[in-house]
Amino acid sequence: MGRAEARKAQQQRGARRAPGGRTKGTKGDDGGGKRTGIRRFFTWKKILGTFFGLTLLGMGALIGLYFYVDVPNPNTQATQQSNVYKWGDGTTMASTGEVNREIVAIDKIPKDVKAAFVAIENKSFYEDQGVDFKGVARGVWSTVTGRGKAGGSTITQQYVKNHYLTQDQTATRKLKELVIALKVDQQMKKPDILAGYLNTSYFGRGAYGIQAASQAYYGIDASQLNLAQGTYLAALLQAPSQYDWAVAGPKAQELVMIRFNGTLANMVDMHELDAAKAKEVTFQPPIAPKPRAGMDGQKGYLVEAADAELIRGGVLNKKQIDAGGWTITLNIDPKKQAALEKAVEDELESKLDRKDTKGRPQDQSVQAGATSVDPKTGAIVAMYGGTGLQDKYASNALRRDYQPGSTFKPVVLASALENNATTQDGKPITPNTLYDGTNKRAVVGSKIPFNPENQDQRNFGTPMLTVQDATNFSVNSVYAQMIVDVKPQAAKKTALALGMRDREGWPEDRPAMALGTMNASTLEMAAVYATFDNHGKKVTPTIIKKAEHKDYEYKPVDPPVGSQAISRQTADTVTKVLTGVVNDEGGSGNKVRSSAYEAAGKTGTSESNFSGWFTGFTPELVTVVAMFGEEPGSHKQVTLTGTAGLGRAGGSSFPASIWKAYTLAVLKGEDTEKFELTEAEMGAPATPSRSASPTPSASASPSPSASSSSSNPAQSPTQSPTPTASKSTKPPTTSPTPTTSPTKTNGPKPPDPPLVPEP
Numbered sequence: 001m002g003r004a005e006a007r008k009a010q011q012q013r014g015a016r017r018a019p020g021g022r023t024k025g026t027k028g029d030d031g032g033g034k035r036t037g038i039r040r041f042f043t044w045k046k047i048l049g050t051f052f053g054l055t056l057l058g059m060g061a062l063i064g065l066y067f068y069v070d071v072p073n074p075n076t077q078a079t080q081q082s083n084v085y086k087w088g089d090g091t092t093m094a095s096t097g098e099v100n101r102e103i104v105a106i107d108k109i110p111k112d113v114k115a116a117f118v119a120i121e122n123k124s125f126y127e128d129q130g131v132d133f134k135g136v137a138r139g140v141w142s143t144v145t146g147r148g149k150a151g152g153s154t155i156t157q158q159y160v161k162n163h164y165l166t167q168d169q170t171a172t173r174k175l176k177e178l179v180i181a182l183k184v185d186q187q188m189k190k191p192d193i194l195a196g197y198l199n200t201s202y203f204g205r206g207a208y209g210i211q212a213a214s215q216a217y218y219g220i221d222a223s224q225l226n227l228a229q230g231t232y233l234a235a236l237l238q239a240p241s242q243y244d245w246a247v248a249g250p251k252a253q254e255l256v257m258i259r260f261n262g263t264l265a266n267m268v269d270m271h272e273l274d275a276a277k278a279k280e281v282t283f284q285p286p287i288a289p290k291p292r293a294g295m296d297g298q299k300g301y302l303v304e305a306a307d308a309e310l311i312r313g314g315v316l317n318k319k320q321i322d323a324g325g326w327t328i329t330l331n332i333d334p335k336k337q338a339a340l341e342k343a344v345e346d347e348l349e350s351k352l353d354r355k356d357t358k359g360r361p362q363d364q365s366v367q368a369g370a371t372s373v374d375p376k377t378g379a380i381v382a383m384y385g386g387t388g389l390q391d392k393y394a395s396n397a398l399r400r401d402y403q404p405g406s407t408f409k410p411v412v413l414a415s416a417l418e419n420n421a422t423t424q425d426g427k428p429i430t431p432n433t434l435y436d437g438t439n440k441r442a443v444v445g446s447k448i449p450f451n452p453e454n455q456d457q458r459n460f461g462t463p464m465l466t467v468q469d470a471t472n473f474s475v476n477s478v479y480a481q482m483i484v485d486v487k488p489q490a491a492k493k494t495a496l497a498l499g500m501r502d503r504e505g506w507p508e509d510r511p512a513m514a515l516g517t518m519n520a521s522t523l524e525m526a527a528v529y530a531t532f533d534n535h536g537k538k539v540t541p542t543i544i545k546k547a548e549h550k551d552y553e554y555k556p557v558d559p560p561v562g563s564q565a566i567s568r569q570t571a572d573t574v575t576k577v578l579t580g581v582v583n584d585e586g587g588s589g590n591k592v593r594s595s596a597y598e599a600a601g602k603t604g605t606s607e608s609n610f611s612g613w614f615t616g617f618t619p620e621l622v623t624v625v626a627m628f629g630e631e632p633g634s635h636k637q638v639t640l641t642g643t644a645g646l647g648r649a650g651g652s653s654f655p656a657s658i659w660k661a662y663t664l665a666v667l668k669g670e671d672t673e674k675f676e677l678t679e680a681e682m683g684a685p686a687t688p689s690r691s692a693s694p695t696p697s698a699s700a701s702p703s704p705s706a707s708s709s710s711s712n713p714a715q716s717p718t719q720s721p722t723p724t725a726s727k728s729t730k731p732p733t734t735s736p737t738p739t740t741s742p743t744k745t746n747g748p749k750p751p752d753p754p755l756v757p758e759p
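For what it's worth, the UniProt record's numbering labels the leading residue of the sequence shown as 1, then goes sequentially.
Keep in mind that the hints were calculated from the coordinates and are not lab data.
Think of the CB as a built atom: it goes at the ideal place given N, C-alpha and C, for glycine as much as any other residue.
Keep in mind that the hints are not guaranteed to be accurate.
Computed cross-link-like contacts, PhoX-like style, restricted to lysine-lysine with a CA-CA straight-line distance of at most 25 Å [to be verified]:
id : residue 1 : residue 2
1  : Lys176    : Lys189
2  : Lys546    : Lys299
3  : Lys319    : Lys251
4  : Lys299    : Lys86
5  : Lys493    : Lys537
6  : Lys319    : Lys545
7  : Lys189    : Lys111
8  : Lys537    : Lys555
9  : Lys376    : Lys537
10 : Lys319    : Lys392
Label-pair restraints from in silico Cβ distances [unchecked claim]:
id : residue 1 : residue 2 : range
11 : Val444    : Arg312    : 35 to 43 Å
12 : Asn226    : Ala288    : 14 to 22 Å
13 : Gln253    : Pro559    : 28 to 36 Å
14 : Met270    : Asp192    : 15 to 23 Å
15 : Glu548    : Lys668    : 29 to 37 Å
16 : Asp274    : Asp558    : 49 to 57 Å
17 : Asn317    : Ile287    : 19 to 27 Å
18 : Lys335    : Leu496    : 27 to 35 Å
19 : Gln187    : Lys355    : 54 to 62 Å
20 : Ala105    : Ala288    : 27 to 35 Å
21 : Ala338    : Ala105    : 42 to 50 Å
22 : Ala288    : Gly262    : 19 to 27 Å
23 : Asp296    : Asp274    : 45 to 53 Å
24 : Asp502    : Lys279    : 35 to 43 Å
All chains should be modelled from the sequences, with the hints used to inform the complete structure.
Spelled out as structure tokens, the structure:
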């Protein structure tokens, strides 16, 4: 039989051999031939068929929607309603007014300003059909997959969203937007679409439309805008709250300039602007914001704080809030609020020469902020944002651009206790552990060298003193070593657990972090200390008691009082140590001591005295008071030294005075509580080898408080020689001789700050 006949016979048997000897079309041990398992369901033909089927289905659905969906009437949300803000007792505090919008004809807007908006928002505006299909696909996919909002909307789509639809981020709304945009592009001329877009867009500062925005940011009509001003407004539109130059931080201002320059570059690409002229365009900062009517005093700051909390609580953006319809009840107690404002006025503002009639220009740079919280509920009961929105638009209570200084040291101690950290020689860190308080002592065990100065370059302990006394005197050299012993990364983790927020530039691997070299707000530090006060249960301060709207439901991101952030033993121990800062006659917080209440607290002063803080608490109330040096106009950070014609203005000066005046006022006539520190663990008492009295180093001269110290600091008056609870079994920190009857020989109380500086 020839080859042809043999091949034919083999085909008839269905047993043609494949290369390698494997038989195709037959079952075999290797599973060849017939697909098995999941492979039999997926072939290239099936995959391609499914893809094209879905594509055709999508196109069919789009065509169906095109004929089904009509261009609706303008949405009712475009009609401004009032927001009503109420005090904690239910009485009305303030309400927003009518919408700030004025329609302007497209021919009244300068040509280059119109070109700037097209250049940054939709370069193909005059050529497209109203829709960028690639951008829409990205937007729908991001919404469906829960990845948030995505760019890609054309000017026509944004006009449709503003004028006809809601701001909801849903796939259904996005599809409607697409179809209506296609129809609007067919029915309207491009200049009319651009006019509608510019007149309905939200620019921040309560301004809807380019005319209101021109007035809000530059105090002129839209017809008077120059190219630099128009380019900024175009760059601003993507994120008005973030890109408002008056309140934007360095990072946000950097993003503004990227968009500003990008807009000009796009205009050059579109032949709307000559390249040489583009280089001559310089950024023109907007004017300071003006407060809305009825937002006098602290009301404007409280409204802004409530709005910010609504945004964090899930409202999509400030535009939705400004659209109105909200009834918002705050936790603010009007009596406590009045007491806080009076304390700032009496203890600080009345002592400043704001008009510079006495040759004290430094007084013009002083800013104050404060937050007061009920630690049991997390309610913000009072807040001070500044002298008023007409003077200071951003709230000083919420600003996060200044360092909290030594108010961060208790966080380091909490981290040491929580993590059972030990010293370099293996001894557990407790309030009675001995440390070397020598000025400029180099830290041991860190890859990054650090030898911090103590306040006025004093030596403390000569050389040994307890952690308790190091906290009382706010000794930098001790806490720099302690954070190395704890590990800076562990201290940061504790800080975040207590309520501080992570941020770019946090010095998480540096010993200097112990001195509070990150930035923080009074609100953040109130969260930290409220958690200490609440025996370690996480407190997230909230200004909103209730927020109601017919179309939205407000839900806080975090509960005001949550689960255990740190152990009760750690929290109670830190609180007990901080009572020593107040009760010790040489303590940096001794100024706030009073028989009217039991208090704990910590002072803080940042490098160069740019800020001064006092963070104190009683069992009923946690209040953080801070003052900042900010040069008017430039907003540059400047020193507070010389405020009111005095010396260094640290935490034990004006902030402590404000704290005490406020606390006395709100607790007057009340049955004040005592701290229940049942689980505080102080550690075995230790006796320093030499006196713990602070002494000046050779390079520093004594100051009035140099002699105000303890000659036997093994125990402060607030300490208990016998631990009341134990989190873990720990060996003693040294071989001490217990002191059964601790006594204080601190000498006379030091003069009232600000003549007495502290870290």
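Next item on the list: Compare the structure with the hints numbered earlier in the document and write down the numbers of the violated ones, lowest to highest.
Entry: none
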